[in-house]
Amino acid sequence: MAYSDKVLDHYNHPRNVGALDKASPDVGTGVVGAPECGDVMKLQIQVEGDRIVDAKFKTFGCGSAIASSSLATEWLKGRTLDEAEKIRNTAIVEELSLPPVKIHCSVLAEDAIKAAIADYKRKQGEESNPAQPAGARRN
Amino acid sequence: MKLPIYLDYQATTPVDPRVLDAMLPFLREDFGNAASRSHAFGWKAEEAVEKAREEIAATIGASGKEIIFTSGSTEAINLALKGVVEMYASKGRHVVTSLAEHKAVLDTCKHLEKLGCEVTYLKPDKTARIAPEQVRAAIRPDTVLVALMWANNEVGTLNPIREIGAVCRATGTLFFTDATQAVGKVPVDVEADHVDLLCLSAHKIYGPKGVGALYVRRKNPRVRLAAQMDGGGHERGMRSGTLNVPGIVGLAKACELARTELAEESARCRALREHLHERIERELGYVVLNGHATERLPGNLNLSFHFVEGESLIMGISDVAVSSGSACTSASLEPSHVLRAMDVGEDLAHSSIRFGIGRFTTREEVDYAADAVVKAVRRLREMSPLYELAQEGVDLKTIQWQGGH
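These protein sequences, in sequence, are chains C and P. All residue numbers for the first sequence refer to our numbering, where the first residue is 1 and numbers rise by one. All residue numbers for the second sequence refer to our numbering, where the first residue is 140 and numbers rise by one.
Possibly wrong hints are sitting among the right ones.
Unchecked claim - Pulled a few chain C residues facing chain P out of the computed Cβ check, cut under 8 Å:
#, residue
1, Tyr11
2, Pro35
3, Val93
No lab work stands behind these hints: they were computed from the structure. For clarity, every value in this text was computed on a predicted model and none was experimentally measured. Where is the CB? At the ideal position from N, CA and C, for every residue including glycine.
Next up, chain C with everything else stripped away, as it sits in the complex (with noise of 0.2 Å):
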């Protein structure tokens, strides 16, 4: 199977590798799928106000795999929380030419990013009222 140029750079110079305080209340961490389905993504952010100001990740999984979460972490900064929250993962498939089988990579990479705004919501939430359950949401 050819890879796309795009998958192939990411791949080859993947942007936004490592790793965050996950103990940060400032820092959101989303860790998404299973080692045993062949691919784990970690996705990290750092919010300030309402607004990521670093990306991270770590990914085990095929170069697509590889190449959605760099992407990801690329499309992030930058970002309010909200408009984080509306990468779609079609738009993922589109920018790296995914093909169908491959479209996985870009629906854990979408769920990456929801589970790293929810554990950063969370901990804000926590923090401005612990007495609120965990995953209750601030706003």
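Take the given structure of chain C and dock chain P to it, following the hints.
Below, chain P alone, put in the same frame as chain C:
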């Protein structure tokens, strides 16, 4: 050294120049149809085919009359399984095989099940081996055929064929073995190994693609087959169709070379395999060998790299041609059925790479491949969340994963 490097000899092999030289006259001046009885063109082709038959038979300890030419192993497997089941329907409709077989066997068995046969799929052990006792326990009075491969195409494991053959012989059950990967790599002797039917393929042993053979025992016992290809009655009625003379001549030459050079070549391939394995293991760690440590094809090394997905690793070593047990290279999202049957763990199944070493592999190439693999695995582990967790001392088996596909 020429790039890319070919390390996928279990998928196919290049035609040996000596094989090509043997074939060329039969593509040029000696182009006759082996079934033409009325002129010298036909006689010459027929003579070449009969000589080839003897050569191929000698490679597996058979006689020429027991060789049926086919288009390759898949066709030979179809003919053996369907042909036996159809011919022996009055005895019963039960077949014994294993979960680690090639798809050509498994899918043919599925087809037979649709036609009303019952198939027992033996589960191999963790090294992909089937024990003779499992076969003995599975054979019933209505069992017409046991079909088990000699050497596994993915993990290289050799089944105890001689012992399995003895069990089949003692119970009066026909025994077919898919020896596609074994012929030319390990000694094969249908008499000593009690084999009744066996398939082989030219392109796995430095011959051309599109030609293979089915061995069908003629005595003690005499095996009868129902033809699956009707037509001019070639190959004693068992496989109609004009013979692929240049292909058959190529197959015979490939067999001759494989037979005469087997000892030397398998020792050389084994040494290269051990060198590759040793280097990777020493320089990386967290590497698991799939298949049997010693009972394996000399040129097969199948490794799983913890925390790294197979397809991404293949991308990282793009000038080394290998294959993966990871599903991501195929249309289905399931990893290799062989690794699953072996219970290696789904995560490791996704992390497996098959290195196939063969006749033209050099030590320099193996070292280049080892360098490339070590570099790529290190890079991918640095970006693997699983490696990060393991470094933190987290046991991955204790994690409840979610959102998997």
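Outcome of the hint check:
| no. | hint | result |
| --- | --- | --- |
| 1 | Tyr11 | holds, 6 Å |
| 2 | Pro35 | holds, 4 Å |
| 3 | Val93 | violated, 15 Å |
Violated hint for the displayed structure: number 3, the only one.
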